[in-house]
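A.B. asks: Quick note, the sequences are listed as chains A and B, same order.
Each step along the first sequence adds one to the number in the working numbering, with nothing skipped, and position 131 is 131.
With positions in the second sequence counted from 1, the corresponding number in the working numbering is that position plus 1000.
There may be inaccurate statements among the hints.
Said to hold, decoys possible - Straight-line distance between alpha carbons at most 20 Å, and here's what the computed EDC-like set of lysine to aspartate or glutamate pairs gives:
#1 B:Lys1252 to A:Asp18
#2 A:Lys41 to B:Glu1429
#3 B:Lys1216 to A:Glu75
#4 B:Lys1216 to A:Glu92
#5 A:Lys41 to B:Asp1658
#6 A:Lys146 to B:Glu1667
By construction, these hints were calculated from the structure, which means they are not laboratory data.
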Amino acid sequence: MAIQLQINGKPYDLDVDDDMPLLWAIRDIVGLTGTKFGCGKALCGACTVMLNNQAIRSCLTPVSVAKGGSITTIESIDALPQGKALQQAWVELDVPQCGYCQSGQLMSATALLLSNAHPTDADIDGAMSGNVCRCGTYQRIRQAIKNAAQEV
Amino acid sequence: MSAINSPALDRRQFLKLGGMLGGGLIVGLQLPAQVLAAQPEASLTDLGAFIRIGHDNQVTLVMPMAEVGQGVYMAQSMLLAEELEVDVDTVKVLASPANAALYGNPAIGGYQVTGGSTTIRAFWTPLRQAGAVARTLLIAAAAQVWKVDPASCKASSGYVYDASGQRKLSYGELVDVAAGLPQPAADSVVLKTREQMTLLGKPHHRIDTPDKVRGKAQYGIDFQTANLKHAAIAVCPVLGGKPVAVDEAAIKAVRGVQQVVLTDEAVAVVADNTWAAMKGLRAASIQWDFGDNASVGMEEVVQQLDSESQQSGGLARNDGDVEKALASATTRLEAVYQLPFLSHAPMEPMNYTVEITDKRCDVWGGCQTLTLAQATVAQLTGLPPESVFINNFLMGGAFGRRLELDGMIHAVKVAKQVQGPVKVIWSREEDIQHGFYRPYYYDRLWGGLDAEGKPVAWFHRVSGSSIMARAFPGAFVNGVDPDGVEGAKEPPYEFDNIRVEFRRVEPRGVLTSWWRGVGPTHNVFMVESFIDEMAAAAKQDPASYRLALLGNNPRARQVLELALKQAGWGKQLPERHGLGVSVQFAFGSYLAMVAEVAVSEQGAVRCQRIHAVIDCGLTVNPDTVKAQIEGGAVFGLTAALYGAITVKDGQVQQSNFDTYQPVRMYEAPLVDVHIVDSLEAPGGVGETGTAAVFPAITNAVFAATGKRIRTLPINPSELKV
Chain A
1 MAIQLQINGK PYDLDVDDDM PLLWAIRDIV GLTGTKFGCG KALCGACTVM
51 LNNQAIRSCL TPVSVAKGGS ITTIESIDAL PQGKALQQAW VELDVPQCGY
101 CQSGQLMSAT ALLLSNAHPT DADIDGAMSG NVCRCGTYQR IRQAIKNAAQ
151 EV
Chain B
1001 MSAINSPALD RRQFLKLGGM LGGGLIVGLQ LPAQVLAAQP EASLTDLGAF
1051 IRIGHDNQVT LVMPMAEVGQ GVYMAQSMLL AEELEVDVDT VKVLASPANA
1101 ALYGNPAIGG YQVTGGSTTI RAFWTPLRQA GAVARTLLIA AAAQVWKVDP
1151 ASCKASSGYV YDASGQRKLS YGELVDVAAG LPQPAADSVV LKTREQMTLL
1201 GKPHHRIDTP DKVRGKAQYG IDFQTANLKH AAIAVCPVLG GKPVAVDEAA
1251 IKAVRGVQQV VLTDEAVAVV ADNTWAAMKG LRAASIQWDF GDNASVGMEE
1301 VVQQLDSESQ QSGGLARNDG DVEKALASAT TRLEAVYQLP FLSHAPMEPM
1351 NYTVEITDKR CDVWGGCQTL TLAQATVAQL TGLPPESVFI NNFLMGGAFG
1401 RRLELDGMIH AVKVAKQVQG PVKVIWSREE DIQHGFYRPY YYDRLWGGLD
1451 AEGKPVAWFH RVSGSSIMAR AFPGAFVNGV DPDGVEGAKE PPYEFDNIRV
1501 EFRRVEPRGV LTSWWRGVGP THNVFMVESF IDEMAAAAKQ DPASYRLALL
1551 GNNPRARQVL ELALKQAGWG KQLPERHGLG VSVQFAFGSY LAMVAEVAVS
1601 EQGAVRCQRI HAVIDCGLTV NPDTVKAQIE GGAVFGLTAA LYGAITVKDG
1651 QVQQSNFDTY QPVRMYEAPL VDVHIVDSLE APGGVGETGT AAVFPAITNA
1701 VFAATGKRIR TLPINPSELK V
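Make a model of the complete structure from these sequences and hints.
C.D. replies: Set out below in C-alpha cells:
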C-alpha cells in the first residue's frame, strides 16, 4: 500500500503498511536517521518530530495518521527561525553530551517556541518533561531555550 | 620515545605507512614498554598513527578512546593542539580500530578500554609530548630550509615563522622535510608551563556539537549500507534459558519478514525494516526453557547477602586495632546499608550491525572495549582476529554498559545465520531486562566514638558481586576486589583504627558489571552516610565534624569549605527542607557536594539545588568538567530517587521508562559547579558527580526529616508526615 508523506517539504511515496510507526518510515525507509529510537512507547521523546508544527512521538504514531500532513524532522528545523535559534543556543551552551536525545529535545523545544514565544519555567517543564536525557543536560536545555526565545 | 623508535615499528615501516596513508608527517605516541612488549608484532595493516599532518595542512588525530558523550574528542584535540601549535578546530579526529598494542589505555593495564574516568589521566602527558615532538620536527625542518638556527624560529597556528616573522612556511609545506629528520625522544621535549598554555584550562566549544544539533551525528544504530537487513531480538527472559519453539507461520505472515533465527539464548526475526522485524517477533509466541534460574527472586538475593555479610571477608585494609577500639568506645554504631541492582539504560538501545563472509567479519556499533571485542568475535566466527573489523561509532550514552560484549555476541550469533549485513536492534524492554547490572550491595558498618564524639573505630565490610573477579580475575587477590573497595579503603578522613573487608557474594541468575561511578558510587554513599550518622550520634554539625577529620587532607578540606560557603551552610530553611553534604576523593579528584532537598508531606523528595566544588588538578576543558558534574549528579539523583532493578521468577520486573524512571526536566535540580584553580596532576571527572550525589541527597533528607536513608532507592512512604 503506497502512502504519500510530506517530510521536510518533500513528498515521499512509501510502500509500507498503514500501522508502521512514522519513526521507522523516516529512519528505515526514507533514510533520515536524525530522529532516534529510544523506547517505542512514547516515554522518552527521542523520536519527537513535528506534524503540522505540533510535537508528536513518532514511535507510536502510525504513518496513516500523518497522511496529508506536513512532517518536520531535525534535519530541516534550521529552516524555521525558532529551530535555527535553538540550534545556535544549543551550540553556544554546549548542551549535548552523548547527543542521542538532542534531536528530540530540539524538536520539542521548536514546537514550544512556535506556540509560545516567551515560555516561562513552568511552560518549559510542561513542554520538555516528555523528553528524557540520561546524560542529564536538563539545566543547559532550559537555559538554551530561554536564550533562543530572546533571539527570535 | 615516539612509536617510531619503538621495538615494534622501525623507521622504514613508518615511512612505508606514511605512503599508505597518503604521505605527510606521522608521529606516534609513547606507551609504556610493557604495553608494546605485550604485542610486539604489530603489523602494518592494523597500524594507524596517532597524529598525521598532511601536505594539505590537515592534522588528523586517530583517537584511542571512545566518545560516549564525555567530551573526549574535544579534550584530546586540545591536548594535541596546545603543543603542536595549531588551531584546535583544525584537528580532525578519527575513531581508532582495535589494536591494544597501539591504542591501549596505559591507565588500564594497556587494554583498549574507555572507562574508570581514566582518559585524561592516561593521555595527558603522551598526547602533549607527541604534539611537541611534531612541532619540534617542523621547526627543525623550517630551520633547515632557511639555513637558520631552529631556536630562532617559532611555531604558531599551523605555521613556522623565522626570527623576523617575515618568512613563514605552513606545516603542510614542511612535512616532507620533517619526515626525513631524526625524531627527538618524547621525554626530551620541553612542555609548556601553565602560564604558557593558551588552550588548556580555558573553556572551548565541543567539536562534536554542531553535528549533534543537526541530527547528523552517526551512532551505531544509524549505520546504513546496501542490502541491510533489520532484526529484532528476544533474549530468554531468564538467564541461562533457551528458546524451544516459535510460531514460524505467524512470524512469516508478517509483511516484510524474511527469516527467523534461533540461537542458543535468543530468537531473532530478520526483516526488510525494523518495524516488520518487531511485528514478527511479537507474533512469535516463543516457548522458552527457562532453565535453573527460573526460581531466582529478591528474597533469595538479599537473604544470601544478609547471611554471608555476617562472616568476614578479604582484608583490604587493617590499621590499628579496630576490635579493641570498638570495645573501648563510649558510643558504638552499627548499620546495614543496601544498594539495589541498577540498569545503565542509555538512550541508545543496544544494537550492532554485523556482516560475516568466509573471509571477514565486520561489526558496526559503539564499543568501550575494542580489543576484547575483536578477540571475542574472532572466536565466535572462527576467523583470525585480523579479519575481524570493529567499526566504532559514537555511543548514545553507555555509562559502562558497552564495556560488556553481550550485545555484540548476540548480534554475531544472529549474523552467522544471515546472508549479508544485519542490524540487530534491542527494544527498550530487552535493553532494560537483559542488562549487566550494578551489583546489589549489602554493607555492614561498625563505628566507635570516644566521649567527645570523635571516631575511634571504623569497620566497613562490603558484600556483593565482584566484577573484577569475573572480568579481570588476576586483579582479584586475597579475596579483595580492588574496585569493590574503592572509596571505602581510603576514605578522606583520618582514622587510627580502620578495617575494610570485601565479601564476595555472587547472586544466582543475575549478571553484574560496572555502572557509572564504579566502586566509589557504592562506597562513597556508605562512607558519607555513616560519617553523617557519627556526627548525628555525636550531636555535632555534620560539616564541622567532617572538617575536624580532614586535618591532613588540605585539598579535601578546601573543596568542602568552598561548597559549604557556596551553599550557605547553616542558613535558615523552610520546614522539611534540608542541606546534606558529601566529600570524596575518587578517580584522582576531590569533590564536595551540598544538596538542598524538600520533602513533601507525602514523602516525595525533590532536590532543588546542588552546589559542587571540584579540585581535579589541571583542567583541560573546564566547561566539560562542569557538564560532566551537572550530568553525573542528575544520573545519580535518578538512581537515588527511582532506580531499582528487581528480579522475580528469574525475570527482571522493570521494562521501560515507566517502570525504570529517569529524572525529567520538571524535577531536575540546578547544579552549580565551581572548579578550584589547581596545579596538581589532572584527575578523572566523568564519574565523580554521580558518586558524590547519593549521600548528599540522603543526608539532606535526614536534615529535613530526621529519617536516615540506609536503603536505596528512597522510599517515599517512609518519609510521610
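A.B. asks: Give a verdict on every hint.
C.D. replies: To see whether the hints hold, each was checked on the structure:
no. : hint                  : in the structure
1   : B:Lys1252 to A:Asp18  : holds, 18 Å
2   : A:Lys41 to B:Glu1429  : holds, 10 Å
3   : B:Lys1216 to A:Glu75  : holds, 8 Å
4   : B:Lys1216 to A:Glu92  : holds, 18 Å
5   : A:Lys41 to B:Asp1658  : holds, 9 Å
6   : A:Lys146 to B:Glu1667 : holds, 18 Å
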